[in-house]
Amino acid sequence: MALAIARPLGRLLASPGQAALAGVIALFLLLFLVVPVTTVIYVAFTEKGTGVFTLINFVDFFRTDLFVNAFWNSIYVSTATVLVASIFALPLAYITTRFSFRGAVLIQTLGFLPLIMPPFAGAVAMQLLFGRNGSVNLLLDDWFGFKIGLMEGLNGVVFVQAVHYFPFILVNLSAALRNIDRSMEEAAQNLGCSGFRLFRRVVFPLALPGYVAGASLVFVKVFDDLATPLLLNVKDMLAPQAYLRVTSIGIADPMGYVIAVVLIVVSVLAMWASTLTLSSKDYATVQRGGGGLAKRTLRPWESAVAYCVVGLILALVLAPHLGLLLLSFATVWSFSPLPDAYTFAHYARVFGDSSVYIKNTLVYASLAALIDVLIGGAIAYLILRTKLIGRQGLDWAASAALAVPGVVLGIGYLRTFYDVPMPDGRPLATFWMMIVLALAIRRLPYALRACHAALEQISVSLEEAAENLGATKMRTVRRVVVPLMTGGILAGFISSFATAAVELSATLMLVQSNSDAPLAYGLYVLMQSPAGRGPGAALGVIAVILVAICTFLSHVVIERSQRAKGALH
Amino acid sequence: MSQTVISPSLRATAAGVRVENVNLAYGSNPVLKNVSVEIEPGEFFAFLGPSGSGKTTLLRLIAGFNKADSGTVFVGGKDITDLPPWKRDVGMVFQSYALWPHMTVQRNVAFGLEERKVPRAEIKARVAKALDLVGLGHLADRRPSQLSGGQQQRVAVARTVVVQPKVLLLDEPLSNLDAKMRVQVRRELRDLQQRLGLTTIFVTHDQEEANTICDRIAVMSDGVIQQVGSPMELYEHPANLFVANFLGSANILDGSVLTEGAARAFQLTGGIRFPIPASASVPTDAKLVFRPQDASIGSTAGGGGNALSGVVMHREFLGSVVRYAVRIGDSDIIVDAPFRSGDALYEPGASITVRISLESALWLSS
Ligand SMILES: Nc1ncnc2c1ncn2[C@@H]1O[C@H](COP(=O)(O)OP(=O)(O)O)[C@@H](O)[C@H]1O
Ligand SMILES: [Mg+2]
Numbered sequence: 001m002a003l004a005i006a007r008p009l010g011r012l013l014a015s016p017g018q019a020a021l022a023g024v025i026a027l028f029l030l031l032f033l034v035v036p037v038t039t040v041i042y043v044a045f046t047e048k049g050t051g052v053f054t055l056i057n058f059v060d061f062f063r064t065d066l067f068v069n070a071f072w073n074s075i076y077v078s079t080a081t082v083l084v085a086s087i088f089a090l091p092l093a094y095i096t097t098r099f100s101f102r103g104a105v106l107i108q109t110l111g112f113l114p115l116i117m118p119p120f121a122g123a124v125a126m127q128l129l130f131g132r133n134g135s136v137n138l139l140l141d142d143w144f145g146f147k148i149g150l151m152e153g154l155n156g157v158v159f160v161q162a163v164h165y166f167p168f169i170l171v172n173l174s175a176a177l178r179n180i181d182r183s184m185e186e187a188a189q190n191l192g193c194s195g196f197r198l199f200r201r202v203v204f205p206l207a208l209p210g211y212v213a214g215a216s217l218v219f220v221k222v223f224d225d226l227a228t229p230l231l232l233n234v235k236d237m238l239a240p241q242a243y244l245r246v247t248s249i250g251i252a253d254p255m256g257y258v259i260a261v262v263l264i265v266v267s268v269l270a271m272w273a274s275t276l277t278l279s280s281k282d283y284a285t286v287q288r289g290g291g292g293l294a295k296r297t298l299r300p301w302e303s304a305v306a307y308c309v310v311g312l313i314l315a316l317v318l319a320p321h322l323g324l325l326l327l328s329f330a331t332v333w334s335f336s337p338l339p340d341a342y343t344f345a346h347y348a349r350v351f352g353d354s355s356v357y358i359k360n361t362l363v364y365a366s367l368a369a370l371i372d373v374l375i376g377g378a379i380a381y382l383i384l385r386t387k388l389i390g391r392q393g394l395d396w397a398a399s400a401a402l403a404v405p406g407v408v409l410g411i412g413y414l415r416t417f418y419d420v421p422m423p424d425g426r427p428l429a430t431f432w433m434m435i436v437l438a439l440a441i442r443r444l445p446y447a448l449r450a451c452h453a454a455l456e457q458i459s460v461s462l463e464e465a466a467e468n469l470g471a472t473k474m475r476t477v478r479r480v481v482v483p484l485m486t487g488g489i490l491a492g493f494i495s496s497f498a499t500a501a502v503e504l505s506a507t508l509m510l511v512q513s514n515s516d517a518p519l520a521y522g523l524y525v526l527m528q529s530p531a532g533r534g535p536g537a538a539l540g541v542i543a544v545i546l547v548a549i550c551t552f553l554s555h556v557v558i559e560r561s562q563r564a565k566g567a568l569h
Numbered sequence: 001m002s003q004t005v006i007s008p009s010l011r012a013t014a015a016g017v018r019v020e021n022v023n024l025a026y027g028s029n030p031v032l033k034n035v036s037v038e039i040e041p042g043e044f045f046a047f048l049g050p051s052g053s054g055k056t057t058l059l060r061l062i063a064g065f066n067k068a069d070s071g072t073v074f075v076g077g078k079d080i081t082d083l084p085p086w087k088r089d090v091g092m093v094f095q096s097y098a099l100w101p102h103m104t105v106q107r108n109v110a111f112g113l114e115e116r117k118v119p120r121a122e123i124k125a126r127v128a129k130a131l132d133l134v135g136l137g138h139l140a141d142r143r144p145s146q147l148s149g150g151q152q153q154r155v156a157v158a159r160t161v162v163v164q165p166k167v168l169l170l171d172e173p174l175s176n177l178d179a180k181m182r183v184q185v186r187r188e189l190r191d192l193q194q195r196l197g198l199t200t201i202f203v204t205h206d207q208e209e210a211n212t213i214c215d216r217i218a219v220m221s222d223g224v225i226q227q228v229g230s231p232m233e234l235y236e237h238p239a240n241l242f243v244a245n246f247l248g249s250a251n252i253l254d255g256s257v258l259t260e261g262a263a264r265a266f267q268l269t270g271g272i273r274f275p276i277p278a279s280a281s282v283p284t285d286a287k288l289v290f291r292p293q294d295a296s297i298g299s300t301a302g303g304g305g306n307a308l309s310g311v312v313m314h315r316e317f318l319g320s321v322v323r324y325a326v327r328i329g330d331s332d333i334i335v336d337a338p339f340r341s342g343d344a345l346y347e348p349g350a351s352i353t354v355r356i357s358l359e360s361a362l363w364l365s366s
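Sequence order for the protein chains is A and B.
Mapping of the first sequence onto our numbering: position 108 corresponds to residue 108, and the numbering continues sequentially without gaps.
Mapping of the second sequence onto our numbering: position 63 corresponds to residue 63, and the numbering continues sequentially without gaps.
One or more hints might be untrue.
BS3-like, lysine-lysine: derived pairs with alpha carbons at most 25 Å apart [said to hold, decoys possible]:
1. B:Lys78 with B:Lys33
2. B:Lys87 with B:Lys67
3. B:Lys180 with A:Lys295
4. A:Lys221 with A:Lys235
5. A:Lys387 with A:Lys473
6. B:Lys78 with A:Lys295
A few chain A positions that, by computed beta-carbon distances, are all more than 12 Å from chain B [claimed, not checked]:
7. Pro209
8. Val309
9. Ser459
The hints are simulated quantities; they were obtained by calculation from the structure and are not laboratory data.
Glycine residues also receive a C-beta, built at the ideal position from the N, C-alpha and C atoms.
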């Protein structure tokens, strides 16, 4: 797409430098996103060995009970997770936005915490707390003589995923509720509507876009997730099946690719369905003035009920953090509500022989984040500031990464780059840089959005003023655009870094040796054996702290740059 | 809006509104200070004042969205102070229109009737009539986002009047329209109000809007109602400096009132004295207030009791009049001189004499 620009006609549309930049980005996306994904699809639709088009692989897929079962299990787990996550998120969102409620900010912040813990890290902690022989069941058995099978099989996955992902619904729904102009609600009251009818007829329908956005995100993330089911030893779901086929039978077996295509199709369908529900209902109103739902004061007994509900939900969703922390300090913890004794040995071990994981994570995540902001910033600039033909294509390609599950990208990299030898003769797919590239592609859509938003807020006239005073395009970018975008770029970098640091789906397929493994992978390996659980938990705690610091930093950066901009206006 | 005959199903039974001794504060910031006002049944009434003067707060108080710290609100003689908004039957059109984006025009307008459990068939008929009334019958199936600002505004009005409220409240209904639409819509509103016979309260910060369509106006400033009266009364007999200044332009000259036996005089801060007409009632701390058209401008020659010498600072040519900004001593005033073609104009910097016609001057305390 970028090649067409080099023609003389291009002079009107963009400078040669810009065209070259677009070319480099297009090549990058082609090599590390389009080609691997196309390869996966190609393999799924061709006969093994001959390359002839066929649907036989899909017929096989639907004839194999194991796969059909895995398909429905994945659908079940994703749907049930959305439901359970909604049960967690709805009351928190409604209570904190709708009523003047002491601690609303604290609740919103705590409600966000689960997102920063890698879900598979929480899984082990939750098994210790809620599993068959976990703390809660041991106590229940002691006191009342029964146990609850919360963590059994698929439902265990649902529970862990719901606890991890419900913040997506909470954040989106709260934002939607807060954005409803107060007059929308008052107009209904003015016409005689109140109480629950008001909620049903006006408030909820207006908040629906936020809810659907959050819910579809949760559905897709859970459907594509690999690490959590694996760690809970649930193998009869789609993503684990794809992983197992490719790792145990080999990269030539077409079934892994067929599953990958199914994953892509379902992800895309889910996103498409969510945009469809919303666009058919045209919610695009300009919300002038107003400023959020009217907040009602709670009567004392209502307040008590609300605090109980909020307390219970928070206790449930924050339990994994506590469990992980306890585990990281525990000598032995099994068949007892609490650990037998406490020690620092796990942390010593993690900072000793396992420190390579931490080092790798820092290197990989910062490289990936750097690539993301460079490419994201460049694409944003090309889209907003040039008329380059095909610039929209770059945007679409980069955003399409959203719909590509990590497993699929991993399989695609293995297949595409396995036959490409490096100078020392080893396949390119085993080079650690591939992990970095996969992480960068996976996080690119988010970084692109951050950069796009940052650039959009800068008035073009600021650049024109610089050019008017004699600065070239290049120098204008360096002296005006980049400094003004710093806040947005930095925020994009930090959030890319934080999420890349705990990503596992693609990584799991690409890590070839322990010495190349990042923290998330090390954590996963350690958690497999009872002896490794302590150090694994310590790694998990480190990951949580790392991500928490980053999240906090990006918050501060965004806030500060917004304040600086506010002062300008 | 089309000139359909108003069916009885839309015609309201007009009710008066009485607000008595209302006080309201946000935290320690008093926003309404002992406000009392009475609006007659069927009247088109305006709350007029600068932004932040408490107009919206007072309107929302009548609608039930604000609670007064003390005071009472009556509608149609009934005390509604403690009723929640949904039991008041006081229709409000919001400044942002507040049309629900998830419902069509038709469903928006039907909403209030549905809440009142009106039978389906009747809802249909009344919604159709209300939409015809505002000339939007053909757009019933659109969504609000597919309408222009003016159309949205009419839907908002239809949605409110269809339930036959006792009173219609309009909060800056024209502020989101462009200048041309504003003039048209305000006529339509007046027309609609007349035909429905609906008691209407109109909030605006624009004196021209209030003057052109309202029967009476309450001028507000700082949470206090400064004066209530018809547009002409307020212009001719402003109760204080604020009202004089807010309705039309006014020149204000500082000075002190001197009494020498039966004769009174006004001495400007600069030292010049005017005789005060015997008929004028003048408070002791009065300032001299006059409209730009109540003074004339001439070349320096001559003098006399009420002539002041000054310098032209700049001038604006407005067509039928020329507006001069003149500095007299250390105060600046505005003088409007009628313009006929061929007249010579005074240039900035020219020394001139200003004569104030004291018969139409006002003596107001601040
Ligand atoms: N919800 C509120 N909380 C605190 N102060 C408010 C609130 N609403 C209005 N005010 C203050 O009350 C005063 C009057 O506001 P308002 O009635 O909206 O004025 P107007 O409609 O005349 O412009 C303003 O000073 C405003 O800042
Ligand atoms: Mg207002």
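Outcome of the hint check:
no.	hint	in the structure
1	B:Lys78 with B:Lys33	holds (23 Å)
2	B:Lys87 with B:Lys67	holds (15 Å)
3	B:Lys180 with A:Lys295	violated (38 Å)
4	A:Lys221 with A:Lys235	holds (17 Å)
5	A:Lys387 with A:Lys473	holds (14 Å)
6	B:Lys78 with A:Lys295	violated (28 Å)
7	Pro209	violated (9 Å)
8	Val309	holds (26 Å)
9	Ser459	holds (24 Å)
The structure is inconsistent with the numbered hints 3, 6 and 7, although it conforms to all the rest.
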